[in-house]
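Asks: The chain contents come next:
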Amino acid sequence: MSVQAAARTSSDAARASSDARLSVEQVSYAYSANPAQAPLFTLEATSFQARPGEILAILGPNASGKSTLLKLIAGALQPLSGRVLLNGFVTHSLSPKTRAQRIAMVQQESRMLFPSRAWEFVLQGRHPYGRPMRFETEEDVIIARNALAQVGAEHLSDRWMDQISGGEKQRVILARALAQQPLLLLLDEPTLHLDIGAQVDLLDALRRLAAENRYTVVVVTHELNLAAEYADQVVLLQRGKSLRIGPPASVYQRELLEQVFQTQLSVEPGSSGRPRVNVLSGK
Amino acid sequence: MQQELRLQVPRVACTAFVMLLLWTGSVRAQSSAPGPDLTSAGRDVVDEAGRTVRIRQPVQRIVSLAPSLTETIYALGLQDRLVGDTDYCDYPDDAQKKTKVGGAINPNLEQIAALRPDLVLVTKSLNRYDTVRALDSLGIPAFATDPHTVDEIVSSTERLAEILGAPESGKALALDLEHHLSDLKQRLAASPPRRVLFVVWAEPLISIGKDTFIADALRRAGAISIVDSAQGWPQVNLEEVVKLQPEYLVFATGHGETGARDIDIFPSLPGWRLLDAVRNRRFAVISDAVNRPAPRIVSAIEDLARQLHPEAFIEVQEKEKTEKEIPPKSALLSTNLAPRATEREIPSDEASPCAH
Amino acid sequence: MRPLTLQRLLLRCAALAAVLFVVVVIALKLGAVPVSLYGLGRDLIRVMLGQSSGLSTDYGMIVIDIRLPRILLGIVVGASLSVAGTSFQALLRNPLADPYVLGVSSGAALGAILAIIAEPHLAISPEFAALFTPLGAFLGAAATIAAVYFLGRREGQIDSSTLLLAGIISASFLSAIILFLMTTQIGRDMHGIAFWIMGDLSTPLQQKLRWVLGVGFVAAAGAIYTTASDLNLLLAGEKEAMHLGVDVPRVHLVVYIAASVLTGLAVSVSGAIGYVGLLVPHVMRFIFGSDHRMLLPAAAFGGAIAVVIADTLARTVVAPAELPVGVMTAMAGAPLFIYLLRRRFA
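Chains as they are written, first to last, in the numbering used here: chain A, 1 to 283; chain B, 1 to 356; chain C, 1 to 346.
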C-alpha cells in the first residue's frame, strides 16, 4: 500500500460511516462586553446535524450570528448551553492539536507577516500531526503535494503567496486545510473576494472534494444563489435566531427570505431543480 | 529512531565549540590572577573613597587616569615614574608625550595592563567605579583621591606623595602651597568677598555647587558664589541670577564657547544684558586650572584674587622681587593666563561639562 | 518543494559557527596590544589543559584575561539580543519590533541608575558591590516584564497589540523617569550611565554573573526554540494558528517571558546595545527564510558575529580610547536598515 493510501485509511473509516458526523445540539451563545450588562449579542439555541459528504450552508444577512455559529462548531468558542459533537466528541473540549486534526478552518484571506512560498504554506497544515520540535517527513511532503493537486494548484507550488491572484490564493488556503486531513471543513465567507468565475470554481471543488474524500463541509455565506446551488442543507439565521433548517427547496420560501433579507425578491425553480432567487429592484 | 540518533551527535558537535570557548574563559578566571605577586611586602592603605588598597613599594610605574592627578605627579617631581596617562592629560606639555590609555571615563584596559603599572591613580568624581572594579579583577591596585576643598587638595597631594614613596616632595609642596594660601588670606582679610557667578557653561547656564572644590577655591580668592545648590553642576535660572545681580562673572578659559574671546558676545545675549556685571563688563577670566583639583589651582586662585581685589595687591610688585626663589618643583605655580594653544574637545556625553 | 531538514539545519549552523570562529580569531588578534596567532593558539591550549601559570608572555595574559572574556560576553549578548528580537517580531507580529520595544531595557536602565544612586548609602560588602548594579538592572527588567505583562493582557491572555501598546508606553514613561534622575543627579557617578545606556562591553563580568548569563541564555533560548514551529504559524495570524493546533496562549506566555529574560540579562550586563535585535533577524531572514527552526539559531550566530565585530571596531577605531559598542552598531545599523527597507519595497 502506498504511503499516501495508508495515511488516509484511518480517516476514511471515520468518514465512511453514514451516521451524522456533526451534531449541533441546542447550542446557544451570548456575548457581552461587561458581565454585569445585558448581552450585546445572543445566539439562540439551535440544533442540526450534518453527514459525511454533505455541504451545509449557514445563510443570513450581516450580523446574524453566522460567524459565531461557525466558531462554535469549530470549538473555538464554548457554547452557553448545549454542545457541538464531532463523531461523538465535544469539539470544545478537545485539545487544540487534536481539534486541528479533525477540523480545518478556511479563512477568507491570509495575511502573512513575512510571505512564504505556497508549498511552505500548505505544509503548515501538517503541523497538528507533529511533535514540538520535529521536521516534516516525506509523508508530510506527499500529503501536501496531494492536497495542492486536489485543488488544482500544483503549478503554484513554488510561487510566493503575495504574488498570486486572489482565486489562486484561496485554492492554496484550501489545500492547506486539506493537508490537515480533517473530518470537518469549515469556510467563512470564502467567496467574498473572488470574482464569479473563481467562486464557481471553488464551490465546484468543494462539492467534488466532499464527495471524494467524504468531508463534511460547512460554509458560511450570504450568497443566496450559491448556497441554493451547492448546499445539501441550509441553516437560515436572522439576528441570532435560526428561522429554518433544511434542504434549499424547503428553506427558500419567498416570504421568509424577504423577511430575513429585507428586500423584494422572487423565488423560482432553476434549471438544476434547485431554487433560484431573483432580486427585484426597488423596495 | 534513526532521526533522533542523528539529532544527538551533530547537536553535541555544534555546541561543543561554544562550550569550549566558554570553558576557556571560565577556567582562566578561576586560576590565580595575573599581575604583581601579592605575597611580597605591601601595605594596606585606605584611599579617599574608603577602599582598602594594597600597595607594594617601590612604586615605579604609575598610570594616571585623571588630568589633575597627572599634574600633581609633575608638581611632585615624580614624572619619571609616570608611564601612562589619559588623552586629556595635557598639562604640562611633557604629559602629552606619555603613553595614552584612552579617556578618563573609557580607558582601554588592555593598554593599562600592557604598561604593567604598580599603581593606577583615579579620582572618585571623574573616573568610573566600573574601571576600578575591572582593575581589581586584574590584580592591579588603584588608589582614588576625592578632594572637596582646597585644603583637601593640599592634604591629598601630600598623602599621594607619601604613598608613592616620596614624602619629602609632598611636604615641601604642601608647605609652599599653604604659604601662598595664607599670604592670600592675609591680603584679603580687609576686603569683603565679592559676589560672583562662576559660569561653567552659558547655554544652558550651568554653575557650580556649594560643596565643590571650585566653590571653595572661589572663597579663598575672596569671592563667594551666588549659587547655593547641593548639586555638583546645577543648571541655574537666568532670572534668579538677574535678581541676585552678581558683581562679577567668572570664566575659566579652555572651555570652548566661554573662553576669553567669546566674552564679547555676552552683552548682546538676551537676558544677560540685564546683569550689571555684563553691562559694566565686570568679567574675571582665569585659567582652567581652577577646574582641576591639583596644586596649580592655587595660582588660579591668586590670579582671581588679583582681578577681584586689585587694591589688596598694590604693593605686590616690590614684594615679589624680594621673595625667595621658588623651588623648581613648584615652577608650575607660576600664573598661566594665556589660553591653551590647543583646546581639547570635551565629549558631550560626560555629565559634568568640565574636566578636572 | 524542499522543507527544512535537520541535516540542512545543522550544516548551515556549522557554516555560521565557522564564520563566528574566524571573527573571534580576528577579534583576538586586534587590539591595543599586539598578538601573534601562534602564541595565541599555544596559550589557549595551555589554558584548556589547566596550565595557566605557564603562559608565554604578559601580552598573552592580557589577551586571555581581558580580550577573550570580552569577546565571549559579546557573543552571548549578541546572541541573546538577536534571539529576543526575532521572538518579539513573531510574537507582536511586527517587523519593527526589537528587544527593547516592550520597555525591558528602560526598566533595566532605571534599576541600574537606582542602584548607582543607592549604593553609597547602603553598607555593602565589596564582593557584593560589584554585583549590585547588574542586580539592580535585572530587578528593574523583571519588574517591567511583569508590569507590561499585566497591562498587556486582554481577557486574561496576552494580546499582541495590547502588549505592544503597553510596552511602548512603559518604555517612554520609564525613559522620562531616567532623564529626570539624570538631570537632577548631575555630579554623581552618572558618567557611567551614559556609556551604559549606549551599550558597553568594556567592563569585565564577575565570575558568578558569567554563569548566570550563560545558563540563562541556554535555558531561555532553548525554551523559545521549542516553540519554533508554532511561531511559524503565528506569523499567519493568531486565529489561524489556533485553528492549526497551536496553543496560542501558552506560546505567547513562554515566548514573552523567555525573550524578556534574554533581553533583561543582556541589558543588565552590557547596557542597551541597539540595532542588533532589530536588524540581525531581518538579515538572517533575508538569507535563510522565515522558518524559525532555522531562523532562531541563525539569528543567535548572526547576533554574536555582529556584536563581536562591532565591539572590535569600537575598541580599535579610536585607540587607545574606546567608543561604546552601541555607537558602532548604530552607525552600521542605520544605513543597513534603510537599505533593507528599500529592498523590501523595491
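Simulated from the structure, these hints should not be mistaken for laboratory data. Don't be surprised by glycine CBs; every beta carbon is placed ideally from N, CA and C. You may find that some hints are simply not true.
[What the hints assert, rightly or not] What the simulated footprint calls covered on chain A by chain C, stretch by stretch (three residues with Cβ under 8 Å from a Cβ of chain C suffice, anywhere in the stretch; the number is not a length):
hint, region
1, 103–113
2, 128–135
3, 141–154
[As the list claims (entries may be wrong)] In silico DSS-like cross-links for lysine-lysine, where the CA-CA straight-line distance does not exceed 27 Å:
hint, chain 1, residue 1, chain 2, residue 2
4, B, Lys210, B, Lys243
5, B, Lys124, B, Lys100
6, A, Lys71, C, Lys239
7, A, Lys97, A, Lys71
8, B, Lys124, B, Lys97
9, B, Lys98, B, Lys124
10, B, Lys124, B, Lys171
11, B, Lys171, B, Lys185
12, C, Lys29, B, Lys100
13, A, Lys241, A, Lys71
14, B, Lys210, B, Lys185
15, C, Lys239, B, Lys98
16, A, Lys241, C, Lys208
17, C, Lys29, A, Lys97
18, B, Lys210, B, Lys124
Asks: If a hint holds in the structure, say so; if it doesn't, say that too.
Replies: A quick look at each hint next to the structure:
Counting residues of the region 103–113 of chain A whose C-beta sits closer than 8 Å to any C-beta of chain C gives 8, which meets the bar of three, so the coverage hint holds. Residues of the region 128–135 of chain A lying with their CB closer than 8 Å to a CB of chain C number 6, which satisfies the three-residue condition for coverage. Coverage of the region 141–154 of chain A by chain C holds. Counting CB-CB distances below 8 Å, 3 residues qualify, and the rule asks for three or more. For the hint linking B/Lys210 to B/Lys243, the alpha-carbon distance of about 19 Å falls within 27 Å, and the restraint holds.
A hinted pair counts as satisfied when its Cα atoms are at most 27 Å apart, and B/Lys124 with B/Lys100 qualifies at roughly 20 Å. Taken as a hint, the A/Lys71 and C/Lys239 pair is honoured in the structure, with Cα atoms around 11 Å apart against an allowance of 27 Å. Pair hint A/Lys97 plus A/Lys71 holds up; C-alpha atoms about 16 Å apart against a cutoff of 27 Å. Between the alpha carbons of B/Lys124 and B/Lys97 the distance comes to roughly 25 Å, so the proposed pair stays at or under 27 Å and holds.
For the hint pairing B/Lys98 with B/Lys124, the CA-to-CA distance comes to about 23 Å; that is within 27 Å, so the pair holds. Straight-line distance between C-alpha atoms of B/Lys124 and B/Lys171 comes to about 24 Å, which keeps the hinted pair within the 27 Å bound. Our distance criterion of 27 Å between C-alpha atoms is met by B/Lys171 and B/Lys185, whose separation comes to about 21 Å. A threshold of 27 Å between alpha carbons decides the hint, and for C/Lys29 with B/Lys100 the separation of about 20 Å falls inside it, so the pair holds.
In summary, the hint linking A/Lys241 to A/Lys71 is supported, as the alpha carbons are separated by about 16 Å, within the 27 Å threshold. Straight-line distance between C-alpha atoms of B/Lys210 and B/Lys185 comes to about 20 Å, which keeps the hinted pair within the 27 Å bound. The suggested pairing of C/Lys239 with B/Lys98 is violated, with an alpha-carbon distance near 67 Å, which exceeds 27 Å. Only pairs whose Cα atoms come within 27 Å are accepted, and A/Lys241 paired with C/Lys208 is rejected, the gap being roughly 66 Å.
Annotation: proposed proximity of C/Lys29 to A/Lys97 is violated, straight-line Cα distance about 52 Å (limit 27 Å). Only pairs whose Cα atoms come within 27 Å are accepted, and B/Lys210 paired with B/Lys124 is accepted, the gap being roughly 18 Å.
Hint check: violations occur at hints 15, 16, 17; the rest are consistent with the structure.
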